[in-house]
Every structure is written in structure tokens, then in C-alpha cells.
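Asker: From first to last, the protein sequence lines stand for chains A and B.
Just so it is clear: in the first sequence, position 345 is 345 by our numbering, and no numbers are missing.
Just add 552 to the spot in the second sequence (first one is 1) and you have our numbering.
Hints are all accurate, no fakes.
With a straight-line Cα cutoff of 27 Å, these simulated DSS-like cross-link-like pairs (lysine-lysine) come out:
| hint | chain 1 | residue 1 | chain 2 | residue 2 |
| --- | --- | --- | --- | --- |
| 1 | B | 1023 | A | 471 |
| 2 | A | 358 | B | 843 |
| 3 | B | 725 | B | 988 |
| 4 | B | 1045 | B | 910 |
| 5 | A | 291 | B | 1045 |
| 6 | B | 843 | A | 493 |
| 7 | B | 747 | B | 759 |
| 8 | B | 910 | A | 291 |
| 9 | A | 358 | A | 433 |
| 10 | B | 1103 | B | 1045 |
| 11 | A | 173 | A | 423 |
| 12 | A | 358 | B | 910 |
Covered by chain B, per the in silico footprint, the following chain A stretches (three or more residues, Cβ under 8 Å):
| hint | segment |
| --- | --- |
| 13 | 315-327 |
| 14 | 332-345 |
| 15 | 349-357 |
| 16 | 444-457 |
These are calculated hints, taken from the structure and not from any lab test.
C-beta atoms are modelled at their ideal positions from N, C-alpha and C, and glycine is treated no differently.
Protein chains: 2
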Amino acid sequence: MLRISLFFIATLAMTPMFAKSKAKAPAVAEVERWGCYEVALVADVPSGQNPFDVQLTATFCSSADTMTVAGFYDGGEAWKVRFMPSAEGDWTYSTSSEIVALDGQCGTFRCIAPSANNHGPVMVDSTGLHFCYADGTRYWPIGTTSYDWMHASSDPSVSVADAGLTMQQQTLKSLAESGFTKIRSLLLPQNFNPKYPEPDEYPFERKADGTWDWTRLNPRYFDHVEACTRALADIGIEQDLILFHPYDGGRWGFSAMPIEAGRLLCRYVGARMSSQRNVWWSLANEYDLVKEQPAEAWDAWTDAIIAADPYRHLVSIHSYTAQYYSYWDERYTHCSIQDQAPVEDFGRAAIVRNIYRKPVVFDEVLYEGDLDVRWGNLSGQEELFRMYQALIAGTYCTHSECYLLGDVDGQGFRYNFLAVGGKWQGTMWARTKFLKQLLDDLPQPMYLVDSSWDPHTSAAGPGYYMVYLGKEVADQWRFDLPTRNGRNPAYPKIAEGERFQVEIIDTWNMTITPCPTIFEAVAQDNYRTIDRQNRAVRLPQQPYLMLRIKKI
Amino acid sequence: MLRISLFFIATLAMTPMFAKSKAKAPAVAEVERWGCYEVALVADVPSGQNPFDVQLTATFCSSADTMTVAGFYDGGEAWKVRFMPSAEGDWTYSTSSEIVALDGQCGTFRCIAPSANNHGPVMVDSTGLHFCYADGTRYWPIGTTSYDWMHASSDPSVSVADAGLTMQQQTLKSLAESGFTKIRSLLLPQNFNPKYPEPDEYPFERKADGTWDWTRLNPRYFDHVEACTRALADIGIEQDLILFHPYDGGRWGFSAMPIEAGRLLCRYVGARMSSQRNVWWSLANEYDLVKEQPAEAWDAWTDAIIAADPYRHLVSIHSYTAQYYSYWDERYTHCSIQDQAPVEDFGRAAIVRNIYRKPVVFDEVLYEGDLDVRWGNLSGQEELFRMYQALIAGTYCTHSECYLLGDVDGQGFRYNFLAVGGKWQGTMWARTKFLKQLLDDLPQPMYLVDSSWDPHTSAAGPGYYMVYLGKEVADQWRFDLPTRNGRNPAYPKIAEGERFQVEIIDTWNMTITPCPTIFEAVAQDNYRTIDRQNRAVRLPQQPYLMLRIKKI
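Chain A with its partners taken away, still in its complex shape (with noise of 0.2 Å):
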């Protein structure tokens, strides 16, 4: 419990309310929008019955919207319904279910402004090929990933942390350094070393022969899992949370359950965490490497999770390398692929973008790390180009770190960030807080502006050009642009004798150095513009530089 409370310090208005037969609620109870408004309830669990099919909703009013949502119990006598208000103003709810203890319960609240680092759920924005929140603060994915982070041990032999942390802290102190906005964690424990200790809660309740009942949950593993939401959320990162996974390697046979136990965990997931603003459901990591589940194993769940979230939090799922899935099903809200060819170079990203049409994020592209293994020794500097080049293209890529850590039993048993999190050991890390304040600088998402011709240039509103050289080390870049605009009509093409200022940014070492020139637009020919005297900004010589060119 000493997790739970650690983390429940640093969460948000939750307003429990318990009620034996009734709820009683303080005169006017308040939660922020986006926020989540709690229901307690108290009652027996009826002899026979099992209290996770029991049947429990609420339905919440307001003057802008009437919303029905599921319930869940919660152990003990406990049962609970959550809800996030998307509107302000003065709320009432009466619950229903077929406990009588449970049914008619009513209550009221009102819905006050967000806090101000709270801008709703993300959402795909009004283009279909990138993020907002839902109060319309632009959002960008600029991912991370720790698979088993919420599950790490709070052994300090196998940790890496700051004297008096846990490692989950400090995961969460080394997210907070970072310009991270989202991180990818595995729902149910990973057994990526079978020397690892094992978790303090597992997700299912075990019968007396030691086997799982797959039709009762355990409360308490997945209160630990929403503590780590709210912590997240409170450092304005998202949580990718991935449902099922192919790493249990029969420690746990998690990956083995029956399509109904997978129901019925996507069902008491959506009923307790839909309300938390900073989720994003992701149905698998690597899906078709799970051997045990067919597919429609996969179908089923993934109307199981839509069905138990009314917000309609973004959903996708995840495969192996190069093993696109369907992601024009209109179910999935955007692609989160496992792929390093298509930002491995310029040229590649866009044709993804460009089939799909709906937001790409590169989720796996190989991790910066030592590992050797091929998936798992990059560069920082490989890594971070990775992701630039996403960007450039109007795509998103994901980071992880895999440095091996530790040597537990002397026998070569290691961890690392990828796995269990901790400190950073790596590079890349640190360049994104930079890479942040460049995306929330940017008037609009990037798009390349003249595709299939031009891998380099986007534009990034009217006037506003972000050109990324790469692994390009030259002396000078000639003043040269895409003339036409894409097919956006809000970007005119650029008009002889325009000024442009251009900046130089070293996206490696993360400095910002204005060019003293100003250019004049001048027609080359049909496609490109060039400077009126082809003058050229000098460059330091160096890789990882990007251009950001300004109409004066």
C-alpha cells in the first residue's frame, strides 16, 4: 500500500463519497472539468453471486449532456462509479443496478473550469492527422516507452533510483526532466526476466488450486495502476496503456487467458479508468506474436474496450516489425506501428501518412541502448534523428532506452529503462524538452509541403518552413523552396520578393542561431523559389540541423 499512498499524494480531485444506502454528498461537491467525480457505494456482495457481473451504472445530467457509464466493484463492500464531466456546470446522477443497495442512489455535483495544466483527453484533431486536447491545446506525441515501469520492484537491488524512491518515482522524477508527453506501459506484468522479482499484485484473483480465476479481478492491482495514471497526468504525460502482451512467457499464462477473461478485463478497465483523462487504450503490444489468442481474440477486445470507455479515448494496437495492421478500421483512431524503415531515411515516412491517412506514430523504430541484440543498440543521435525525421514528415515516433543496468546474481541477470524504468542512461532523452518547445513554437502541425519531391521541407503554417538536413554536414544551405503548397488552401504558394529569415538549429546540441541574412523570394522555376542573389546560410558543419525559415 506504501506505493499507492506515495503516489495518491500527487493526484488530482478525486472526491470519494461513501454512502452505506445512500450517498451523501457535501453540500455541493466540486471537480474540475476533465477531472473525475468518484461514487462510492457500499454493499454486500450477494451470496452466490459474482460481484464483477454484477450490473451497475450511473447516469449523469447536465444541461449540456446526459451520460450513462458503468460501475465496478471495487473489493470488500465497495463499489464505485467514475465519471468525467466534459462540461462545467451543476451535474446529478442516480445510479442503477440490480443490488437494490446499489440502485436509485442519487446525487449532484458541479463541474468547475480545468486546472490550468489540464486541457482534457487527447484527441485526433479537426486535420485526421494529428493530436489535440480536447479544450483544442495542440498535443504532441513525443513518446517514450517503460514497459513494465508500474510493475518494477520495490526491491532496491534491482533498481536504479535516488536515495529514498522507489523506482517508480523515479521513473516519474526522470519523465518529469524529460519533454516526454507519453509513454508506453504494459497493463499486466511482464516477465522480461524470469529472475525478476515478482509483482506485489497480480490483475486476477487465484483459486485455491493456485490457477487464475479468470472471471475475478484483483481491486488492488489496478488502484496501483490508476495511481500511476494520475501521477503521469500530473507531469502532463499521456498513458499509452497496452492491454495484453506476448511477454509472459508462461510465468503467469496472462497471455493465454480465454477471449471471455480478456472481456471481461477490458470491461473493468473501461469502468475504471475510462474517467482518467491521460488514457490511450492500446490493445497489444506486438499482437501477433501473442501465439495463444486468435485473431479475432483481437476483434473482441477491441469492441470490449470501446464499449467500457464512453469518452472515447484514442485506441489503437500494435504489431511486430513491419507487420502493418488494418488501421483504416475505423475503430482504431490512429496507427502505432513497429517499423524503423520508415525513419530510418528521408522519403519513407510520408508514404505512410499518405495510405493510412489518420495519425501515425512510429511506436517502436528500435531503442537507443547497448543491448546485443539489433533492436536494442542505437545511438542517441540515431535515435533522435528517428524521430526528427517522423516529425518532418508530419508523423510521430516513440523513444525508448534499453542500457543494460545492474548484474543482480553475478550470473548477468540486467534490467533496463525499456523494461522496469529508472534513470536514464542514455542521450536522447535530454534533447526533448527542446524538441517541445520547437513543436508548441510551431503555428501549425508539419506537413511536407511539396510530397514525394521535397522529403525535406514541411511547412508549418503560412510562411513557415521547417527544412531538417539530417545527417547532411555541409558548409551552406542555398536559400531553396518548395513554391507550391501542398493542396493546403490556407498556405499560398510563395510570391516573388517575399523575405524570409531563417534560423539554424542544432537539434543535437540544442542551440538556435538566427541567420543574419534576409532571403528574397525569387522563382527558379515552376516548383522551386530560391534567394533573388542565391545567397546561402552558412552552416556549422555539423549533422542533426534543421532549418526554421520565417516570412518576414
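Assemble the complex: chain A is given as a structure, and chain B must be docked to it using the hints.
Answerer: This is chain B only, laid out in the frame that chain A set:
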């Protein structure tokens, strides 16, 4: 009529049958499998009735199959029903029509074995990623493009043809000299230059006021297209027939036809031409540039051509650059893409294939030529490079050339093969027979055996590898193959001690040179296999080399 009769000489067994009120067949008419059996009927058009609206079908029965196909009005008193039998043996047929003279006409014929070069229509093969003929023979799409060649003028002042040949005959002669196996041709005439002469025939009838009667077609226009298509079949070339296009420029207004006229056109073309085994349907070229048509036109016309084709020939649609269509729609059998980006360098084309999981044909990747527009000035080497780049990734690529020819009016009116066919002017075409032989020699189609890790190396069967070096100019290639076999269980991993021979293929100079060394496999690490003595193949320091590596 000259053109039609010239083509007709070259056409295959059509068995025309004429009858006033009863089809009088010879004792046993014969048609080869996948040939065209034609029932010709004669009847007056009932007064006041549009013959293009008349219902006429015939049901064909054999012990193997029963199929009902639509007939069509062929002008004057002529009506026809055409049928492509897919099984040898005796067939009977019986017609059905609202017109008494066309109703209940019966007959028999015998379907005999196909002739040597008749392998039936092309279809998607059992892998779902490549093509084969109906008889199981592998089909390699080595395509070229000549949009208006079927409608090219017979005026010798606007042609490039050997003495005594029309431009269309010259085009067929050019194709026969090449290794091309597919041509993209427009069904409707192209206004590629307003000064180019009018076509001899038009697809629709004109009304008294000179406008088109969208309810009445001109059978003679289609006779000619069919004759051209049969002439292609005779030289082993598939007709990728483009039903609609945006290149009308208001000259005739065909691109602005009502949706219903397009439906009629599809129905009519389907009835007339589905029995031609070498037909593919391409709904459009650059459909998204046909500004007169709403999105629903493409849905309607796709449905119409599929409904009009009982044999389910290949169907696709083609967009403007990088505007990828929803090829996941099950109505489309393959992807017909316009985008040069995927074949400009390694590591790209496979992404497209991995996403769509259908046969991928990059049907426009810019053209060899000397135009002053950027889509028409590739070198022959570059065009060939793109074709091999597609092939190594298990996809396909289509050629054309557009060297400017002629100066008809002394004011710059010029034309080229891409527009109207004629004689080859370029250099790439001459490499296609060599390419076709390489492909015909493959045991299986190519696929990248370690996709996203090694974009140079494809397997083409167990122990059979192709390594494309592209533009690399080197004096040696160290023997180094992926150990793994992708996910194909039929292709085992390379085992230690296996021995390989290597041939150096110069794709541009069309030479095949055996390397004298026999290489012996040994694992380098988990992923790659090298030679036990780390030996290399000596290379001629030329670009565009491919290595063919076979296990001994």
C-alpha cells in the same frame, strides 16, 4: 474501318454466328478455353426503344459450370452475346430477352484446349501479393503506358511509324519487340494537345444539336478498342484499360458525363469486353483530378464494372501523386499507385506492400524522357533502377517514355510515346526482355527475406536469393546474406556448410557473369550468414548490378 480489319487479321478464334431468328451453328463449333465464343443475333430495334436499355442475357452450361452473361446491342440489327469459357468440354447456351427475336436462342459448342500462348486471364495468386494466369503460369507485370495509342491519328504527319504501318500498328510492333507484358491504355480519347487530330470514332452518339447523347453508345468505337485489345493478347500483353480520365480539358466533355452515363458505359464495356482474357479494369487515371465527378461516381462505376464482368478481371484505380487510394477495399484486386517516392531508393516499396497486403504495382513513377516538366525527364537508367527497386521489394513498377517528337505545325506541337505510342525513342524498353527472362527464371516471386533490416536481399524460393545493389559502384561484394527466412516456413534458414554459387547480373548492359568462387555458409551472428573464408565477389565497378545466388 481499315484499322479494325488490320487488327482483325491478328485476332484469335472468334466464332461469329449470325441468325435472323435462330442461331444456326455449325455441327460442332469450337472455341479454345479462355477464348471468346460469340453468339450473334439479328433483330430490329423495337420502335421507340433505346437498344442500349434492352435486356439480353445468355446462360452457358457445361458439366463444369453454369454462367449467365449479358449481351449487347452492336448497331443496326445486330446483337451479340460473348462468352469466355473456363472449362473444356461441351457447352450449351440459351438466350433470354424482352425482344422475342432475341429470346430463347439456343446452341452448342465445344471448348477445346487453349493454344500455346493462351494461359487465361491474370488473377491474384495464392500468396495474395503477386499475379498468375488462370492456368497457374506465373505472370510478371512489366508494364508500360501509352494513354491514347488506341485513338492515335492515322495521319502520317503526326506519327512515328515504319513505312506502311499506321501509328497503332507501329505501337504494337514496338511492344512486340519489348519484354513488356502490360500496357495502360485509355478507353476514352485524351485531349493531350488541342492541336492533335480528332479520333475517327467517338464512344457516344451525338444528338442533333451536337451534344452527346449519354444514353446511346457508338458500337464501332468499341469494335476498335476490342480489336486493339485482341492484338495485345496475340503478343502476350495485358490490356490495363483505363475507363475514365481527367484529360479531356473540355474538348469533348467525356470527363463530365453524368454518373448514369458512366454506369451505362461500364455495363456496355463489360458486356462487350469481359470475354477478352487479357483485360484489366482501371477505374481511372488520376481519378482525383477528374474535378467534374463527385466521390460517389467512383464507387458507382467500380460497382458497375464489377457487376458487368462475370469473370472478375483485375480491378484497380489510380490517383494523383501520393494520393493513395483505399486499396484495402475488397473490390480492388491490387494497388495501382502513382508515387515515385517508394521506388526512388531502398527501404520504401516494401512498406507499401506490408501495409496493403495486396499486389502492389507502382503504375506511375515518373517517365523516361526529355520533357521540361519534372515528371517526364528521367534517364533510362533511372527508370530501369526504379523497376528493379520495386521488384527487389516484391512489388512491381510501370514504365513509359516521353521523348518529344515531331513539330507538326512549326509552332511546337509535339507528341510522344506516353501520349500516342509509335516507335521507341528511349533506352529502358530495350532492357525489358532481359528482365522478363530473369523473372521467368525465378522459382517464386521475390520478397525481402529480412524486411526492414535488409532492403537489398530477396528470396525467390528456397536457397535462391537476389541481391540488388542499385546505384552502388564497388569492386567487390562480400558474401553476406540474411540467415532468416522471413515468415515463410517453406524457406529454411541458411545452415552452416551450405554452398552457394553467385552470378553477377548487369541489368543495364544485360550480361550475366558467373563468379568462379563457391561460397560456404557460416553464421556471422544471429542474423547474418557469411562465407567461411569471408570471401567476396569481384564486381565490375558498374552501377545497376544484381546478384543471383543459388544454393548448390
